[in-house]
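Undergrad: Construct the complete structure from the given sequences, taking the supplied hints into account.
Protein chains in written order, with the working numbering: chain A, 1 to 362; chain B, 1001 to 1393; chain C, 2001 to 2393; chain D, 3001 to 3347; chain E, 4001 to 4454.
These are calculated hints, taken from the structure and not from any lab test.
Since the model is a prediction, treat every value here as computed from it, not as a measurement.
We treat Cβ as the ideally placed atom computed from N, Cα and C, and that holds for glycine.
The reader is advised that the hints may include incorrect statements.
As the list claims (entries may be wrong) - Covered stretches of chain A (in silico footprint by chain D; criterion: 3 or more residues with CB under 8 Å from a CB of chain D, positions within the stretch not fixed):
id : segment
1  : 89-98
2  : 334-341
To be verified - Pair by pair, the computed Cβ-Cβ distance ranges are:
id : chain 1 : residue 1 : chain 2 : residue 2 : range
3  : A       : Q135      : E       : N4008     : 40 to 46 Å
4  : A       : Q135      : E       : G4039     : 30 to 36 Å
5  : A       : T204      : E       : E4442     : 54 to 60 Å
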Amino acid sequence: MSDDHETTESTESDGNSDDPLAERWRQARRITDGGQPAERGRERDQDAPHAFLLEDEDDAELDRGPFQQWVATSISNPKRAYRAMFYTATIFFLLTTLFPFYWLLMVALTPEGQQQDIILTPNGFNPGAFIEVFQTLPFHWYMFNSFVIATASTVVVLVVASLAGYAFGRLEFPGKTPLMLLVLIISFFPPAAFFIPLNDLFNTQFFALEPITGDGTLYNTPGAMVLPLSAIFMPLAIFILTTFYAQIPDGLEDAARVEGTTRLGALFRVIIPLSAPGVATAGVLTFIAVYNEFFFSFLMTDGQPENWAPILEGILGYQGQYEVMYHLMAASSIIGVIPVAILVIVAQEKIVSGLTAGALKE
Amino acid sequence: MARVRLEHITKRYEDVTAVDDVSLEVADGEFVTFVGPSGCGKSTTMETVAGLTRPSEGNVYIGDDEVTNLAPKDRGVAMVFQNIALFPHMDVFENISFGLRLRTYDDEEIRRRVEQAADVVQLEGMLDRMPDELSGGQRQRVAIARAIVRNPDVFLMDEPLANLDAKLRVHMRTELQRLHRELGTTIIYVTHDQAEAMTMSDRIAVLNEGRLQQIAPPLTCYNEPANRFVAGFIGSPSMNFADGELVADGLETDNFRVDLDPGEVPGVTVGDAVTLGVRPEDVHIASAAGDLPAVTAPIEARTDVLEPMGDEVFVYLLLAEEAGRSMAEDPATASDQLLMSVTPDTEVHEEQDLEVVLDRSKLHLFDSASGEALRHGLVERSEPESGETSKAG
Amino acid sequence: MARVRLEHITKRYEDVTAVDDVSLEVADGEFVTFVGPSGCGKSTTMETVAGLTRPSEGNVYIGDDEVTNLAPKDRGVAMVFQNIALFPHMDVFENISFGLRLRTYDDEEIRRRVEQAADVVQLEGMLDRMPDELSGGQRQRVAIARAIVRNPDVFLMDEPLANLDAKLRVHMRTELQRLHRELGTTIIYVTHDQAEAMTMSDRIAVLNEGRLQQIAPPLTCYNEPANRFVAGFIGSPSMNFADGELVADGLETDNFRVDLDPGEVPGVTVGDAVTLGVRPEDVHIASAAGDLPAVTAPIEARTDVLEPMGDEVFVYLLLAEEAGRSMAEDPATASDQLLMSVTPDTEVHEEQDLEVVLDRSKLHLFDSASGEALRHGLVERSEPESGETSKAG
Amino acid sequence: MAADTDESPLTGGTDHPAESRERTGNPVVNRMENLSEAAYAYLLLIPAFALLALIAFYPLIRTFVMSLRADETRGADPLGGFVGIENYVDILTGNARLARQFVDVSLSTSFPFVELGVPLLQQALFVTLGFAVISVIFETVIGFGQAYVLDQDFRGRRWVRVAIILPWAVPIVIQGMIFFLLFQPEVGFGTDVMQWLGVFGADPLADSRDAFVIILIADIWKSAAFMALLILAGLQSVDRSLYDVARVAGASPWQRFKMITLPLVMPALLVAMLFRTMDAMRVYGLIESTAGCTTVPSLTCLVVEAMFGGTRIFATAAAVAFATALVIGLIISVYVFFFRDTEGGLY
Amino acid sequence: LGRGRSPNTVVMTGATDFEEILHTEDGEPSVQEALWDAGLDEDVRVELQTVVSDSVQRMQEAQSTLQAGRSPPDIHMMDSGWTIPFILREQTTDLSEALPDDVVSRIEDDYLEDALETARHPETGNLHGVPLFPDFGLMLYRQDLIEDVGYDTGDWATEPPSWEEFANAVADARSEQGLQYGYTTQAAAYEGLACCTFNEVMTTWGGGYFGGAENLFTAGDRPITVDDESVLDAIRMMRAFVHGDDDEHALDGYPQISPSAIVQWSEQESLGPFADGDAVAHRNWPFAIDEAGSDDAFGEDLGVMTQPYAVSEDEAEFEGVGGTAAALGGWHLTLSPYTERADLALEVLEAFTHEDVMLTIFELQGFLPPNIDLVEEADPDEIGPIARYTDQIQLAGENAISRPVTDVWPEQSALIFQEVHAAYRGAKAPEAAMTDLADRLEGSEQEVAEQHGG
Ligand SMILES: Nc1ncnc2c1ncn2[C@@H]1O[C@H](COP(=O)(O)OP(=O)(O)OP(=O)(O)O)[C@@H](O)[C@H]1O
Ligand SMILES: Nc1ncnc2c1ncn2[C@@H]1O[C@H](COP(=O)(O)OP(=O)(O)OP(=O)(O)O)[C@@H](O)[C@H]1O
Ligand SMILES: [Mg+2]
Ligand SMILES: [Mg+2]
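TA: As C-alpha cells, this is what we get:
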C-alpha cells in the first residue's frame, strides 16, 4: 500500500537501517502524519514519517524482536499508536464495506438453484452468470439509460442548485430562512406522495411536446425521470452547495469581481472551483442516487429498455414470480455498481482537480 | 477622465461607522495615498471606490459618471487587496492573467503582458507555481502583478508592499511611480510606510476614525499638519507635543516656555490651552545649533535612552526628573519627555545632562481642545527670544 | 534554557532549496531578527523551529534538547504567522484564548490574560467580533495577541507588524520589547522594516537565497557588513556601490578614484576588482563637509531627482552624463549614479551641478568577485587624499 | 533589473486602450449585475423554485386535497366525498385502513399512563423514529471515521475510497437482496453468526426486533458512505494553515479535531445528518426487500401499502403521506435549531 | 402512437417467461404462430411489453398505467388475485359484451369455473377477463422415502391422506433418512400466505374467511368466520408442525415436521431445500414439478398430490370447503378500456381461447391450460415431468379454492397474513390473533358496506 512513497523526496537518507523490517516500517509509517489531518503543503507530510524514523532508530535496541521493539517505541512515541490505529481502522472499514460485495460475488458465481450455504466460497463455480446477464436481458441498455438519466439529472441539479446555493450561501435577502425550509419540505414526503399527480401530469399530452416525444407525453422519456429525480435530489445539493459556498472568503470573490467578472462569473470561476470538494460530492451523491433510485425509475417508464427504462428494471427483470435468479441479480448488480462507483470516484477526482487546477493535489 | 470623486460617503456596519462622511476628489492621473491608524476606514473607502461595498450614504464618481451602483467590473479599476486574495486554485500565471482572460485578448498578448508584469515584480520563473508554494512576499508580488497587468484607469492598492523587504520595496516603489507616470493612471494607495507615503504621493489623505482629517501634498502634511492628529501621525518618529497655556508673552508648558505674541496666533486668546508641537529633528543640542537663525531658549534635559538607527540616532530626553518613568510610554504623549534625533556622529551618551533648543521656524501650535492647527513656524517674529526652563514637576 | 540552535538546516522543495545549510544559535532571552529579500527562506527557517516543517537535513535544538522530530505542541513555542491565519469560526476572544483553552487554565485566568493581551495590542472592545468583521491591521493584532497570551519560552514572529500604521507599530514595538525584557523570552522575529530590525534586535540574521549571510548586532551589520549583499540590504535607502579596480595607489572606479594603499586591504592585490560602498548619508556636498576629518577628493556630479522625505531629502546624483537614464533604475546598482541624503534645509535643486565628497571613515571595500567585505573605513591613513572624477561613460 | 525592457511594460505594443467604464458584455448580465442583492438572490432562486413548483409543490397540493376526501375502492373516480380531517383522525387514533397502524397508543389512568394497542415495533411511528435515530447516530460516527481515513494521504487511497463508497452505489433492491440472503438460514450464514452471538432468534427476518436490527445494519452499511463522502468534502475544504496555528499553539490531535476540524466540518456534517435523517425517516425499499413491511412497518411502508396495496385507498395514502411529512418536519426542526447555532451555518 | 409500432400491433404485458415463448426463432413453435394458426389475422402481431415478474410490482405498474389512462398496453395480464379490484374500478372492458357470443359461451363452458369467478364482475357476473392459465398449490413429496417407512402412497394422487397420516409419514421418513426438514411450505408475511398456503390449510380443515365459497367475491355483508374453531385448528396444526408438542397452542397428535424458517420463506426459498433433497414434502406451484420431477432430480420418485385434509367436505360447516384443496392462482388477460385498437385486441383475445393456443402455451412453458381437460391432451414429451401428474392437476382443478377477491381483498389479505404469520410464529396465540383479525376484517367490511350500501 505504501511501497513507493519515495517519489519526490529522494534526498532522504537514513544511514543505519539495513534491516528490511525496519525498512518496511519506515515506509509504512510514511503514509501520513498520525492522527492528524494530512495533506498540507504535501511536502511536509512526506517528510514527517522520515523524521519519526530518525528518532525511532536512535532509540532502537538491537536485541529486541521487531514486535516488542515496536511496542516499546510506540509507547514512547504515540504517533506509532496513531498509525496502528489508522491501519486498524482502514482495514476494518475495508472489510466491513467490502465483505458483502465479496459475498455478492460468491452468490453470482454460484450456479442457479444452488444458493445454499454460501459462506466464503461459491457453491460451484459459474462465471457464466456474468455473460448470462446480458443474454437474458439487454442489461447494458438499461445501464446506458440509467447513465444518461443520471448524468442529465446531475447536470440539471448542479446548475440549478449552484445558483440557489450561491443565493442562500452568500447573499442576504429577506425570506432566506423560510425559502430554505421550503426547499427542504420536499424531502419530508415519501416519493409516493408525489406519484399520483405526477403520473397524471406525465401522461397528459402537451401539444408542445409532440415533436419531441411523439405522443406529447413525458411518459417513457428520460424527462419523466430527470425532472422528478432532479427535483427530489436538488434539496440535498442545494444544502451541500450552500454550506460550501458560504465558506469561501469574500475577498476572493471581491478580487474576481474587480478583475472584471460578473457576480455570476465569479461564481463559476472562483467559488465553484474553490468549493470543488463540495461540488464534486454533491455531483457524486446525486449521480449515484439517481442511478439507483427506486420509485420513479420503476413507475415512470413501461420497463422497456428502448423506452429509457433504467437499470432497476433490468435487475428486477431477473426476478421471476416464484423464483428469483439470485445469481443473475447478483451478477447484474456487480456489473451495474462497480463501474459506476469507480467511474464516479475517478470523475470526482478529475472534477476536484479540474476545478481546482491542481490546488488540492492528492 | 479617470477622476475619482467621493461625495459624503458614509459606511456603517451594525455597530461601527467605518467611514464617516468622507468627501474628496482625486484628479485624473493623481497619486493619492490614504494613511491613518489601523481600522480607520481606509480599506472600506477603497472598497466603495471599487464597488465592492455599497456606501450607506453618499455617491461615488469615476470620470464623469456616477458609479455608486455600477458593478466593479464596469468601473475600470484594478485593486491590490490587503489580504492579497490570490486564487488558490490557479497558478501564478493564471492568477495574473485572470482579468485579461476575461476579456478578448489573444493568448499571445496575454502571455506577453503577464511576462512583463511578472518582470516588473521580479517573479520571473515562478509563473507555474501555485500560491501555496510561494513565500509571503512572492504572493504579494503576484497580487500586484495581477493588478498592473490590466492597465486600468484607476488603481486601488491596499498596502501592496507590506510584505516586501526594503530593497524590493524601493524597487516596487519606483516601478509603481514609473507606471503612474507613463500610464497616467489615477492611483489610490494605502500604506503604513511613511517613506512610501511621502515619496510616492501627490497628495496624502489622512483618515482617523472614519473621518477625513487632511488631504494635501506630503510635505504640506508634514510641515503644516491641519491638526494635532495629522501632526502626530505623519512623521516617524512622531512629533513631540507639549500641552501649555497661552500667557501674555508666550506659551507656558509644564517644563519650558516659548516666547511668542499671542496676537499672532489666530483664533485663541491669552489663557487658552494651546499645544506646542516640534519634530524630533527640530530639537537640537544647544551647543551645536549655532547655524540656525531662530531657536528657543535652551531647555535643560537629561538623556534617557539612545536608539541608534544607523543613519540617525534617537535620543529620548527627560525634561523633569521623575520616578518610575520607563521608555515604554510613548514619548510623544508624555509631556515630560522629548525625542530628539541627531546624526550618528554626534557626541551624546545615555544619562547625560545637556541643553537643547527648538527650531522656532519649525514649531507648531494647536488648539488643545479641538486639536486644530493654529500656526506653523514662529520665525517671522524678529525680536530675540529668551526661553526659560520651567521647574515644574 | 530556551536557547534555540539550528545545525546545518537545509530544506528543499521539489525544485527550490528554501533554506541552505543554515547554522545559528539564539541565546536564551535573545531577540534575533531574520531579514532578507522576499523568498529567502525566513519563514521556512521559522517553521523548522516551530516544528511545522521537518528540515530535509540538519537538526534543531531548543534548550538542551534535540527537537527536530518533536511535535510543535511539545516545543513550547508560540508563533505569529505571516498569513495571520485566524480561526474563522471563533471570535476574537476565542482566537486569542485558543492556546490557553488547550491547557488547564480556569476561565477567570483565561479572561484576565486575554484582556491583558488585547490591551497590549489595543483591541479592547473588539473581543466579540468575528475575524471577518475586522480590518487588516486588527486581524494582525489578534494574531499577535494569540501568540503573546501564551507566554511560551520562544516566540516566533513572522512579520507581526506588517499591516500596522507607524504609530501603532512603534507602540507594538515597545510592547514587544517590554515583553521580551520582562519575560526573558527568546524571540525570533522576521521583519522588512529596517527601523524595527535595528531598534528591537539584539542581533540581526541576514539571509539570502536560503543562506545565512551574517548574524551580528544591528550596528555591526550596518557599519561592518560581512559582504556586499548585507551592505546593500541593510540600510534604507541602500548603500551606493561603485565597481572599481585596485591600482597602485588607490581604487579606480568608472567615475572617480579613491586614494588608498592596496597593502592595507587584506586579501587582494593590485589589479583585482574591488567594489567601493558608501551610504547615502556619508556622501556630503563638498562645500558643507568642512567639519569631517577625512574626506575623499571632490567628485563632480549633477543632481537628478530630489526626494524629500520630511526629515531628510534624497538627492540622486549623476556622475556621468548619459542618455536614456531614468530614475527607475536602482541607484544603488547603477554605477553612474550616487544617492546622497541631506537635511531638508540644505540648499539643493534638481539639475544642479555640484561637487560631493565621501566620508573616508565610512567607506567600505568589497571583493567584487566573492562580495566579501575587505575593509570598513579608510580613515587610519594619514596622508592627504586627492580624488578625481573619471570621464568614462 | 527587471524593468530593463525598452518598451514600457504594459503599454508598449498594446492596441487595447485602457479599460473604459462602459458597461461591457451582455445587457442581460448587466441588468442582473445591477440588481440589488435581494433581487439578485431571488433571480437565482427562480430556476430551483420553478422546478420544485412543478414537480413538488403542485403535486403536494393535489395530494393534500386528496387527503381530505373519502376513500373509494370501486368505480372510476378514485376519491369519494369531502370528509375534512377524518382521515387524519383515523390515522392518529389507530383506526385507519392499514395493516399496521401509524401509531396505536391510548392514554390510560394507570402507570405508565399510556397503553399500547400493539407492540412498539409494530407501530410505524416508533419503528421509524427508532430506526432514524439509531441509524443516523451510527452512520455519523462510522462516516466520520471513514472520512478521516480517506482524508489521510496514503498510497492506494483512491481505491480505499472506491471501496468505502461502493455500498452507497448499490441499488436498494440489491442491498436488500444481500441482507435478505445473508439472513436467509438456507443461504447465508448471518443468522448462524448472530444466533451464536446470542443476539438473534432462529428466523430473524420474521421477527420484528431481529429484522429491525438487520435493517439497521444494512442501512448503516450502505449509508455510512454518504456521511463519509460529505464529511470528507468538509474536511478537505478546511484551510490547512489553521492546523499549523493550532499545532504550534499546542493542540493535541484530539484537540485539533475538537476545536478546529469539528466546528469547521460542522456545517457539512449537519447537512449530511439532516438529509440522512430525512432519508432514514422515509425508509421503505430496504424493508420491502428484506423483512417486509409487515414485520418492520415504517411510515413510508404505510404510504406505499396504502397507495399501491391494491385496494384503492388513495385518500388514506395521501393522509398518511402528509402525516409522515409532519413527523419528519418536527424532527427536522430540531436540526434547524442546531443550524442556528452553527458558525458558517445556513441561516 | 409512435416508437415504431405498426398499426397492426397489439401490445400486451407479460414477464420474461411469456416473452420467451411469444416469439421464437424461425421455425420453432411460438405463441404468435399458434395465434395465427387459431385464425388471427396474419397481419396482426402481438408484442410484449415486458414487465417484472413479481406480482405485486406488476399490479403497481398496471395500476399506474390504468390510473393515468395510458395505452398501450392494450391487453393487461392480470393476476387472478387482483383482477376484480381493477374490474370494480372500471379499468377493464366488459368482454361478455365485447367478444362475440360464441366465444363467450365457449369460455363459460370450457374454462375452469373457479378461474372464471375471479375474472367476472362481482355484481353483473359478466366476464372482464379471459383466463390465460391457472395455477394450483400442490404437495410435492418424496414417494420413495415415504414408502420406505411403510406408508402406501399409491392412492394419494387421487385420494390425498389426512394431515395426520401425512404428517406422521413425513416425520417418520425424515427421521429414517436423517433429513434436515420434513415438510416445507411458505409462511412469510406476504400475499401468498393469505391467498394460498393458509387458505389451503384452512379449507382442508373446513374453515373459511367469510363462511363458504358463495361469499367469496362480494364484500360488505358477509359473515366473518376466521375465529371459527376450524380455522383455529388449522393454525394449531401448523403450530404443531413448526413448534412441536412443547407449544401449548399446538394441536395434539401432530408431530413437528416443519422448520421455523418457513415463516420467512416464500416460493423460491422454500423450494431450494426440497430440491436439494433436504426435505420430505413440500408445497408449491406446478412449476416446481419441472425442477423436482426431472430425471436428474427425483424423477419418478417425486410424488405430487393436492393438499391433505382433516375435515371432509361433508363434515364442513360451510359450503365448498373441507376435503382436499388446491389454492388457485393464475393469470387473466383483460382489455384496457383505453386501448385504441380494441378490435384487433379482441381478435387476439379470441385467438387465445383456442385450445391449440392453450396447448402450445402449456407445452412451451408449462402454463396450465384454463380448460383443465386439455392437460390430458398435451403431448407428454413436450410438457416434461408434469405429464405424469395430470390426474392430480385434474383433481386440483376440481378442488381449487379461490381467495376472496374483492375490491378490498388486498387490504384484507394484508391483515390476514399479518395475523396468521404472528400466530404461526408463536408471537400471538391463535385465538388472540384470529379475534384481532376478525375485528379488523369487520371494520374493513363495514367500510365497504357504508360506502356501497351493502
Ligand atoms: N510548498 C512550497 N513548495 C515549493 N516552494 C516553496 C514552498 N514554500 C515555500 N517555497 C519557496 O521557498 C522559498 C522560501 O520561502 P519562505 O516562505 O521561507 O520565504 P520568506 O523568506 O519567508 O519570504 P517572504 O519575505 O516573502 O515571506 C521561496 O522561494 C518559496 O517560493
Ligand atoms: N464586515 C464588517 N462588520 C463590522 N465591522 C467591520 C466590517 N468590516 C470592517 N469593519 C470595521 O470597520 C472599520 C474600518 O475597517 P477598514 O477595513 O476600512 O480599516 P482600515 O483602515 O483598512 O484598517 P487597517 O489599516 O487595519 O487595514 C474597522 O473598525 C473594522 O473593524
Ligand atoms: Mg485595511
Ligand atoms: Mg515569509
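Undergrad: State for each hint whether it applies.
TA: Outcome of the hint check:
Counting residues of the segment 89-98 of chain A whose CB falls under 8 Å from any CB of chain D gives 7; the rule of at least 3 is met. For a cut-off of 8 Å, the count of residues in the segment 334-341 of chain A with a CB near a CB of chain D stands at 5, and the three-residue condition holds. Taking the beta carbon of each, Q135(A) and N4008(E) are about 30 Å apart, not inside 40 to 46 Å as hinted. Between Q135(A) and G4039(E) the C-beta distance comes to about 34 Å, which sits within the given range of 30 to 36 Å.
Separated by about 41 Å at the C-beta atoms, T204(A) and E4442(E) break the suggested range of 54 to 60 Å.
Of the numbered hints given earlier, the model fails hints 3, 5; all others are met.
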